[in-house]
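Given next are the chains, with one letter for each unit.
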Amino acid sequence: MKLQYSALALAAALGLSTAAQAQNCELKIGAMGPMSGGAAQWGLAMAGATELAAAEVNSAGGIKMGGKTCKVVVVPYDSKYTADAAAAGSNAFAAQDIKLIVGPVGSPEATGIKPVAARNEQLAWNAAYAKNALEPKFPLMFHIAPGPAVWSDTVIKAAMKVFPMKTVALIAPNDQGGTDIASVDAEAYKANGVTTTEEYYQRGTTNFAPIVTRILAAKPDVVDTASSPPGDAGVIIKQLRLAGFTGAIGRLGGPGTDEIVRVAGGLDVVQNFYWFETVATDEPKVKEIDALYKKMLGKDPVGGTALWADLPAARMTLKAVAAAGTDDAKAVAEALRKLPVEDPNMGKGYWTGKKQFGIAQELHFPFGVGIIKDGKNLGVARQEAKPD
Amino acid sequence: MEQFLQAGIIGISLGAQYALLALGFTLIFGILGVVNFSHGGFYMLGGYVAYACVDRLGVPYPVAVLAAVGTTAALGWVFELLLIERLVDDHLATLMLTLGLYLVMSTAMLEVFGPLAMDFRFPITGALRFGPVYAPLENLVVLGICLTAIMGLWLVLFRTDIGRALRALADDRAVAMAQGLRPKLLFPAAFALATGLAGLTGALVTPILSLSPGVADPVLATSFLTVILGGLGSLGGAALAAFIVGIVEAYSSVYFGGSIGALILFVLVLLLLVFRPTGLLGREVRGA
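Chain order of the listed sequences is A and B.
For what it's worth, the working numbering labels the leading residue of the first sequence as 1, then goes sequentially.
For what it's worth, the working numbering labels the leading residue of the second sequence as 1001, then goes sequentially.
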């Protein structure tokens, strides 16, 4: 026993253990998103990505801040896909002196957190596809990936090669999380010579049979589920097929294809489907993230491809903290803007957003277009990112 | 015309599902005077129990449905006996208790099964087609079971001694107790009956729609809306209102869209509360 104490004392005195050094202080970083309810997958992915980035830094000995080496601790917050919960989350983090937030996810959350996080002088990353996801008046807000204004044209052109279409009916929730995406998608379809109709539903709708009946009365070639949550989109597809709809179904919205196919009843039911993927999910380096997560955290990842898409933001935040030597939000934001857009799994990307939002604080990595044809998954084709 | 007929079929199907949920909700209020905020949770739990039986234990679906009814009824019985019973006359306390139970249930399902929707499918698929109009077979089966369950509940409440005893407690608890009726036995039975109905609905409907920890919230909202429309505590009112809600939802969504359809339902309830505050068949004062 005496020998053990002596060894410990010696190790502490000499500072030989990097893990021990990392205990000098703690860097608390917030992870925010819906962690319950229909969109829980996306919030849990945000927390999982942040935990993985933190585990990578901690296993390398911690992060240096002000002469100390700190352990990164992730504090999750369930912002419930609502504006008020996201605003409350910002205040809850401020009460714990948390200045850096990876999240939130949805447009209502992004709208809710922006003014409150600005007042609390917090840096945050939202993943919303809102038309105002970034604004020059909120310089501490960053964007995890571009919205449909950037990628919808590429997806539509790829889809039209496989599924010829003249008319599309878009369906999405009737809040900002739905209308901001479906209206941009509609413009992109129109720019490609496709006539569109938009159909909106109350979030929380469970049975879409009446809306499906209404949509099919217009006899569209394609129905696009836009940013409907994956569970909703799965039910919509199931009920469209039951009603006799044989056309292709699109998804120019958030990730969740695996869940959509599962809820719909399998590839045999889905039949013909095209979708946007935030990252090029068939790339071997991207797929490695799941194994890395299991190795670092000792459990299976939750959140599917959304976790992959969120990871670069969490990693770059910690890289910026190391560069700035502090967790002060303004200093970290300044360091972030100077970092090249690079990620070990995603490869190289660009800072974009200047053209759409007037502020270049959006990460843009290569993304993907997925196709299911006649019940067979043809995979996700990589699409290169382009600068503004 | 096709749309009109299709909306009617959808409305009746929705109405039967809402009726099962609303009857359980209003049964608990009518007999115990408790607004059960965990009602949606029992619907969700019924779905998960049936899913676990089918997927993890390989049990046939009909047996899994019975297991879901048994589990949710047993849990309702225990919950009433151990917690609700102690505070049954304190409306605020029971409201918080049932809300707390719901949060425990939904978080437990999130932990055990994860946030994603399960691969849970109804064993019968396909549809009867009459030209452009169709009736999904799964919905017809559920409609048949729902109508049978509603009839069964009516028989229990109006043709058995236990039903008479429950209605007596609902009418005037003090007088019923003076006659020898024992709330400590009958209240848990009423609670179990109601949660079993919610579990039955969950086991039947979640494989048709979807099963995830988030499915309970809309169920509670719909149940509340329906029983307010029918009159809190009124079984006949709940059944009538459920079919009205289903049919209004179907027709308004088909003809005016999903957003306005939802709005029309709330406007309907609002108007009813203004002109008939007790609901369609509700009474002014409940005895319990």
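In case anyone wonders, no lab produced these hints; they're calculated from the structure.
The structure displayed is predicted, hence computed values, not measured ones.
Even for Gly, the Cβ is constructed at its ideal location relative to N, Cα and C.
Hints are not guaranteed to be accurate.
[Said to hold, decoys possible] Here are some chain B residues the structure puts well away from chain A; computed CB gaps all over 12 Å: (1) V1059; (2) G1126; (3) Y1134; (4) T1148; (5) E1249; (6) Y1251; (7) V1254; (8) G1257.
[As the list claims (entries may be wrong)] Label pairs and their computed distance ranges (CB to CB): (9) B:G1070 with A:K299: 28 to 34 Å; (10) B:L1099 with A:P344: 24 to 30 Å; (11) A:L378 with B:M1096: 39 to 45 Å; (12) A:K373 with B:L1263: 38 to 44 Å; (13) A:L297 with B:M1096: 32 to 38 Å; (14) B:A1178 with A:Q96: 55 to 61 Å; (15) B:I1124 with A:D153: 39 to 45 Å; (16) A:L378 with B:P1277: 56 to 62 Å; (17) B:G1100 with A:N91: 33 to 39 Å; (18) B:I1162 with A:K219: 50 to 56 Å.
[Unchecked claim] A few chain A residues facing chain B, derived, Cβ under 7 Å: (19) Q41; (20) A60; (21) T206; (22) A209; (23) P210; (24) T213; (25) L216; (26) V235; (27) F245; (28) G247; (29) L267.
(request) Take the C-beta atom of L1099 (chain B) and the C-beta atom of P344 (chain A), compute their distance, and say whether it sits inside 24 to 30 Å. (result) About 45 Å separates the Cβ atoms of L1099 (chain B) and P344 (chain A), which means 24 to 30 Å is violated.
(request) Grab the minimum C-beta distance from L216 (chain A) to chain B and call the hint holds if it beats 7 Å, violated otherwise. (result) violated (9 Å)
(request) May I ask you to test the hint 38 to 44 Å on the CB atoms belonging to K373 (chain A) and L1263 (chain B)? (result) holds (39 Å)
(request) For the range 39 to 45 Å, tell me whether the beta carbons of I1124 (chain B) and D153 (chain A) fit it or not. (result) 43 Å Cβ-Cβ, so the 39 to 45 Å window holds.
(request) Confirm or reject the claim that I1162 (chain B) and K219 (chain A) have a C-beta distance inside 50 to 56 Å. (result) holds (54 Å)
(message) Given a cut of 7 Å on the nearest C-beta pair, is the interface hint for T206 (chain A) held or broken against chain B?
(response) Given a least distance of 5 Å, the restraint on T206 (chain A) holds.
(message) Assuming the hint says 33 to 39 Å, is it satisfied by the Cβ distance from G1100 (chain B) to N91 (chain A) or not?
(response) The hinted range 33 to 39 Å is violated for G1100 (chain B) and N91 (chain A), with Cβ atoms some 24 Å apart.
(request) Starting from the hint 56 to 62 Å, judge whether the C-beta atoms of L378 (chain A) and P1277 (chain B) obey it. (result) holds (59 Å)
(message) Quick check on the hint: T213 (chain A) CB to chain B CB, less than 7 Å?
(response) It holds, given that the least Cβ distance between T213 (chain A) and chain B is near 5 Å, below 7 Å.
(request) Could you check if Q41 (chain A) really has its C-beta closer than 7 Å to a C-beta on chain B? (result) With a minimum Cβ separation of about 5 Å from chain B (threshold 7 Å), the hint on Q41 (chain A) holds.
(message) Under 7 Å is the threshold here; is the Cβ of F245 (chain A) close enough to any Cβ of chain B for the hint to stand?
(response) violated (11 Å)
(request) Tell me if P210 (chain A) is really an interface residue toward chain B, meaning its C-beta lies closer than 7 Å to one of theirs. (result) holds (3 Å)
Consistency note: the structure conflicts with the earlier hints numbered 2, 3, 5, 6, 7, 8, 10, 11, 17, 20, 25, 27, 28, 29.
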